[in-house]
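Spelled out from the first residue to the last, the chains are:
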Amino acid sequence: MAAEAVRTWRRPPILIKDWRWRWGIYAFAVIYLVLAVSSVEVNWARVYEGLERGWRFLQGFLVPDFTSRWRDIGSGLVESLTMTVTSTIVGVLLAIPVGIGAARNLAPLPVYLVCRSIVATSRSLQEIIVAILFVAMFGFGPFAGFLTLTFATIGFMAKLLAEDIEDIDEAQAEAVRATGASWWQVVNYAVQPQVMPRLIGLALYRLDINFRESSVIGIVGAGGIGATLNTSIDRYEYDSAGAILLIIIAIVMLAEYSSGFVRKWVQ
Amino acid sequence: MLTVKNLGKTYKTGDRALNDVSFTVEAGQVVGLIGPSGAGKSTLIRCVNRLVEPTAGKIFLGDTELTGLSGAGLRTARRRIGMIFQEYALVERLTVMENVLSGRLGYVPFWRSFSRRFPQADVDKAFALLARVGLTDHADKRADALSGGQRQRVGIARALEQDPELLLIDEPTASLDPKTSRQIMRLIGEICTERNLPAIINIHDVVLAQAFTQRIIGLKAGEVVFDGTPDELTDDVLTSIYGEEDWTAMRRKDGDHHDDTITDEERMAGLA
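In the order they appear, the protein sequences are chains A and B. Take our numbering: the last position of the first sequence gets the number 267, and nothing is skipped along the way. Take our numbering: the last position of the second sequence gets the number 539, and nothing is skipped along the way.
Quick caveat, the hints were computed from the structure, so don't treat them as lab data. Each hint should be verified, as a subset may be incorrect.
Not close to chain B: a few residues of chain A, all C-beta gaps over 10 Å, as computed [as the list claims (entries may be wrong)]:
#1 Tyr48
#2 Leu109
#3 Arg177
#4 Arg235
So the derived label-pair ranges between C-beta atoms look like this [as the list claims (entries may be wrong)]:
#5 B/Ala294 <-> A/Phe261: 53 to 59 Å
#6 B/Thr515 <-> A/Arg22: 37 to 43 Å
#7 B/Ser414 <-> A/Pro12: 44 to 50 Å
#8 A/Ile249 <-> B/Asp411: 36 to 42 Å
#9 A/Arg22 <-> B/Ala488: 45 to 51 Å
#10 B/Ala294 <-> A/Asp167: 57 to 63 Å
#11 A/Ser258 <-> B/Gly335: 51 to 57 Å
#12 B/Ser442 <-> A/Ser117: 38 to 44 Å
Glycine residues also receive a C-beta, built at the ideal position from the N, C-alpha and C atoms.
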């Protein structure tokens with residue numbers, strides 16, 4: 001029995017079979033990385049200055065000042081929350097028909113193409129760019145912010161809803177269709193129960209994305225807590241800025257935990 | 268009465284699932300459709316209610332030609348045909364009652380079904396059917412809270428809620444244990460007798476088919492190769508449908524559990 005040779009085994013390469021190509025690609029990637037990093041010009045004097053400013057910022061963080069600008073912070077916060085809630089609700093309501101239309105297993109081809117292009121348009125434009133456009137159109141303030149977030153919500157929700165609808169268990173839809181149900185009844189009885197938990201989960205997720213985005217788009221003039229934050233940084237009031245950041249973190253964390261709880265509950 | 272004339276189905280991929288299939292099912296007749304996987308059994312019953320579009324031939328339910336219907340006409344025809352599925356195909360997040368009532372979707376307008384306000388007669392019928400299949404206490408449970416056998420009973424109640432003139436049954440026992448399988452087959456048989464309802468049962472298990480149907484159609488590669496009574500289904504015929512195999516072993520196993528004289532108590536115990 002000693003004559004039996006030991007059979008060794010190594011995982012065969014799966015993506016690129018030829019070893020020359022494989023190592024060639026690795027070498028290219030490493031060389032490119034080295035060249036790219038060396039082409040980045042770093043001004044160490046400015047890095048040093050930046051660190052110093054960062055340190056002041058951190059100090060402001062450690063002694064956040066909630067009181068002296070509380071009126072501005074409070075009104076910014078209310079504005080942001082209003083923007084967030086209204087844009088999420090309106091956005092989700094508009095996203096549902098678009099999402100159904102963008103699901104290939106429910107919608108005929110022309111409807112599908114129209115809805116998919118709505119989704120693509122909404123998703124290809126970053127919130128800040130949309131906010132700049134709406135601010136230019138409707139002036140500074142939360143209305144531009146509301147429109148921006150609604151627009152972004154439609155693309156996000158409709159795409160994910162459509163994908164969820166395309167993933168449903170077809171057997172359940174087939175069974176409902178076999179009873180003689182109309183298209184609306186199939187949507188209501190076979191599709192809706194299957195996608196509802198995910199729809200609720202996504203809407204809550206979008207709610208907290210919208211809150212975060214509302215603080216970003218404030219910087220380009222679309223109102224909300226972002227505008228307050230921008231003002232306080234411009235005035236070098238890092239202690240107020242620190243307070244605002246802490247509030248944003250607290251609200252996002254609250255949204256995160258509560259949405260996790262709700263998602264489990266609706267399963 | 269169901270009449271299938273020269274039915275053919277060729278899928279877009281070029282696969283020929285059915286070829287020149289013809290037969291007639293009289294009222295009250297329970298037909299077992301047997302054949303190897305891929306013989307076209309599923310395609311055949313799905314052609315009848317047009318979940319799959321046939322490419323040749325005609326199908327008549329009573330005087331209505333099912334092939335060629337579309338829109339509202341097709342929906343009206345579908346509600347006359349109850350279908351029971353493999354793996355139950357209940358809407359899992361709906362309650363048992365909603366699943367049974369969904370058998371009325373072809374009869375009620377959208378807003379009534381949307382607001383779950385079905386006509387009282389439909390609700391009465393649903394409760395009566397749940398009682399018939401032994402699930403009265405489970406009406407408000409979610410469908411995914413039930414066991415396999417219970418779910419299939421809900422599937423049967425959903426099909427009967429349609430007041431069907433024909434039952435199409437696709438592998439009703441494929442995911443059930445042997446005892447529950449026999450109970451489900453017996454229940455289907457009893458219901459078809461009670462209502463003088465014709466049924467086509469697409470089934471893998473030859474022994475079950477022989478025990479619970481009055482007529483067997485054998486399908487092989489999309490063509491009818493056998494059409495006769497369960498007694499005529501000899502070993503030679505089985506070989507012509509499925510290919511060479513020692514069939515005596517299968518039949519011997521069957522002899523062990525002839526429990527058709529099961530008592531009502533046992534029957535209810537099996538529902539749990």
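We went through each hint and held it up to the structure:
no.: 1; hint: Tyr48; verdict: 60 Å, holds
no.: 2; hint: Leu109; verdict: 16 Å, holds
no.: 3; hint: Arg177; verdict: 7 Å, violated
no.: 4; hint: Arg235; verdict: 53 Å, holds
no.: 5; hint: B/Ala294 <-> A/Phe261: 53 to 59 Å; verdict: 56 Å, holds
no.: 6; hint: B/Thr515 <-> A/Arg22: 37 to 43 Å; verdict: 58 Å, violated
no.: 7; hint: B/Ser414 <-> A/Pro12: 44 to 50 Å; verdict: 45 Å, holds
no.: 8; hint: A/Ile249 <-> B/Asp411: 36 to 42 Å; verdict: 39 Å, holds
no.: 9; hint: A/Arg22 <-> B/Ala488: 45 to 51 Å; verdict: 46 Å, holds
no.: 10; hint: B/Ala294 <-> A/Asp167: 57 to 63 Å; verdict: 41 Å, violated
no.: 11; hint: A/Ser258 <-> B/Gly335: 51 to 57 Å; verdict: 55 Å, holds
no.: 12; hint: B/Ser442 <-> A/Ser117: 38 to 44 Å; verdict: 42 Å, holds
This entry does not satisfy hints 3, 6 and 10, going by the numbered hints stated previously.
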